[in-house]
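Novice: Residue-level listing of the chains:
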Amino acid sequence: MRRYTFTYVCAAIIIQIFLLPAYVVAQGTISGTVIDGETRQPLPGANVYLQGTVIGSVTDTDGFFRIINVPDERMTLVVTMIGYGKFTQTDIRVPAGETRTFTIQLQPTVIETAPVVITATKTERSLRDIPTSVSVMQAMEIERRNIFSIDEALRTIPGVHFNLSQINIRGSSGYSHGAGSRVLLLVDGTPILSGDSGEITWELIPVDQIERVEVVKGAGSTLYGSSALGGVVNIITKELPDRSATAVRLQGGFYDKPYYSQWRWSERSRFKHSLHLSHGIRIGALQVAGSLGTLYDDSYRMNDSRRRIMGYLKSKYTLSPYQSLTLSGFFIDQTRHNFLYWKSFDNALEPFEEQVGEEVESLRIQSNIQYRHVFGSESFLTARISWYHSDWRDNIGVTGNASRSNVYGSEVQFNHAMSGSHFLVSGIDVSYQTVDSDIFGVRNGYVIAAYIQDEWSVVPPLRLTGGIRFDVTRLDTIDTFTNISPRAGVVYSVLPGLSLRASVGAGFRAPAAAEAFATTAASGLIVQPNPDLGAERSWSYEGGANINVTDWMNIDAAVFHNEFSDMIEPVITSIEPTGEIKAQFKNVVKARVRGFEAGLTVSLFDRTLLPRVAYTFIDGRDMNLDEPLKYRHKHMVVTGLLARYKTAWIEIDYRYHSKVENIDDELAFIIDKPDNQVPVHVVDISTGIGINIGGIPLNFSLSAKNVLQYHYVEFVANIQPIRQYVASLQVVL
Amino acid sequence: MRTIQSITFFALILLIPSLFSCDHGLDPEAESSLPGIDGTVTVVDDWTSDSAIRGIYVVVFKSIPQDSADAVNQFFSGAIKFVELTPPHESVYSYSFDLDPGTYQLVACIGVRGDLFFNVANWVLTGIYTVTNNPFDPSPVTISESERITNIDMMASVRYTLPLPF
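Taken in order, these protein sequences are the chains called A and B. Heads up, the first sequence is in the numbering used here, so the first residue is 1 and it goes up one at a time. Heads up, the second sequence is in the numbering used here, so the first residue is 1001 and it goes up one at a time.
No wet-lab data here; the hints were simulated from the structure. On a predicted model such as this, the values are computed, not experimentally measured, just so you know. Not one of these hints is a red herring.
Simulated restraints, written as ranges between beta carbons of each label pair:
{"#": "1", "chain 1": "A", "residue 1": "I691", "chain 2": "B", "residue 2": "D1027", "range": "38 to 44 Å"}
{"#": "2", "chain 1": "A", "residue 1": "R264", "chain 2": "B", "residue 2": "P1101", "range": "35 to 41 Å"}
{"#": "3", "chain 1": "B", "residue 1": "S1144", "chain 2": "A", "residue 2": "T480", "range": "54 to 60 Å"}
{"#": "4", "chain 1": "B", "residue 1": "A1052", "chain 2": "A", "residue 2": "L625", "range": "38 to 44 Å"}
{"#": "5", "chain 1": "B", "residue 1": "S1144", "chain 2": "A", "residue 2": "N395", "range": "48 to 54 Å"}
{"#": "6", "chain 1": "B", "residue 1": "P1165", "chain 2": "A", "residue 2": "E361", "range": "47 to 53 Å"}
{"#": "7", "chain 1": "A", "residue 1": "A450", "chain 2": "B", "residue 2": "P1101", "range": "54 to 60 Å"}
{"#": "8", "chain 1": "B", "residue 1": "S1091", "chain 2": "A", "residue 2": "R264", "range": "24 to 30 Å"}
{"#": "9", "chain 1": "A", "residue 1": "L625", "chain 2": "B", "residue 2": "P1101", "range": "21 to 27 Å"}
For every residue, glycine included, the Cβ atom is placed at its ideal position computed from N, Cα and C.
Take these sequences, add in the hints, and give me the full structure.
Specialist: This is the structure in structure tokens:
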């Protein structure tokens, strides 16, 4: 009986998938072109959609769009694009089988201050309508920086800094010794943290497929659960194309020689290059886009080269105007050498001699299936299942190490616009993880969670938000623990150009398997498991204001106060008479991070010149030891200037971080001069032009990164990239 | 309005270069002006690659440890500073330490017989800093505020090692 039921369900799904296109083909079509209202030039990348449905489009390089399967009823057409005012056309009706064509003019706004974001509230809201600080980086900003990995671009976001690959948002994270991230990474809302060490692999993210990046600052566990302790980074991928399009992107560059001759360890030039091919196609109700890329990086340091192949696939099947099924996934297969610390300060670009030849091979795969059903203009249901596979092995030590982990996730989210100006977001989140590792053992765990959030527009200028999430977490033999993460916020739009915000929220991070179960011994240091390890917790308080001083100047300012407790750190538990040192990860640190952030964005001479500057002050203290928190910068400045003329542009980025005040003293045991640190001064300059040859659009750009040839470390004994030159060419066919 | 915009623009342009210095950051050639000591270590015998001693470190002790465990504990409290002499098997080394002002009871050359420096069981004493020429009589070094003491020179022997004073 059960077998018949299963067969029936499968057959029903297949029939639905293959017969629905025939059903929807009989409906109407809306097509057209989106142009700049002033220059009359076509606008590629504009989002065009029918409100209250799952159908929409994104304009191609000619500004063209086409929406098929339009139901024969009154619809509202919406067009949005960053830097332009929103276009809305109501009461559009397209009879079945007919096509209506529009030429839509978008009017440029002098300054873009309130893009639509989704991460902070799990629904699309103007940046001005959310109670927490969010920074947004658009696709064009990413492309202009000529990057190979998305973390390079994130370094220019106010309040963000990195300790090697570990991201810090407003001083939340410090350095977690390769295990556990205190910032949650999402791709289209799906968590991307490995099941064993709970880390982020930035190289996995397909840079050329990013629509925008949203960085939510402060605890975000009310909607996202574990790891959203200090913030959330959400990568939003591009919408799928309506017409066949192929793009080729070639990047190549080289590192300059180090400024100091004694650090020159290589006689030859050190190169870095990548090639990406992407293609998109639409067949009826099915839209597919994919890319394949390869990268090779010689590196400026000895034993630090890497090569990788990565791929990306996203497809969307429009089941009806109100239902869609999206499949997406990406992978990276990487081999990299292992550079841990400098051999000595006199040989700062060379590793310990015994490390030469060490390398790590890894394969990471992420896949996602999402079903979406829209019930009205703002009500919808989303069901998602995901899988993240991480597999790595190295040749470090006598036998080498290996670890394989899987995270299976599922989530059902229901957004509902209720009467009385209430908007409800609720959901159930279940995940299961497995680990099979030489170091962490064979482990498994699960998370079961439910959340609910209400946004209440009390009166038009006042919006209140309240929410709560309940998590049950089990990690192998560690006792099951529960966590309640509440949140409250208020936004008050005092004037059309002035909005005030305030919020309080809780965050937590469950320990990673790597922290709880690491069992390893190397060079007299023995790391032991800790079955009593618990979750880290945080509270974030924030108040802020966003002011349009004039129609060409915007200021955003915020004060914040974060309290952290039970933060996990490696602790030496005993020193044996033989000199062997035993260590464990323990919940030990109680910390407080407070400060303020202010940013100024200016648009001059009809958007020809776009300067910006932001300053972040962070006062982070270890409350147990009454000393500055480790690996935090007290002062951070990011500033930049973009100048544009027609299709040509030049951009200068500068970032300053004051010297880190405190590091792990124990590193002096194994590293020469670990406290050799300086303030960070990095200047990057990029320029580019878009041209059209024979109807084929070409984009060419050139970058000089760290142009001052400034030598600094982000983490001890690791000189950051020296001056490098990168050129890129992108062709869309 | 355009005047205000121009002023704003040029103020921001000027802000950028004024924010960063024109140096090149970390500098291996720079001589420290911080308090500390500088000196040389001369290895008096033939230190070959088949020697049991794999590496020599200059180690500065605030106080002489009572035993091995105390030595390791002092490391973790930051009371002991050290620098490795690289590359191994040379005959003369220069070293340099940035140190907090204060008195240091022992400046020593520690030979390490294993891979790991902080495994005290692997330590042997190859030389000390002394002004009396008595290898069993270490001379304290006192650094005052903003003082850099030079010529803290030592002789080290990888063949005739000394007993550890703890």
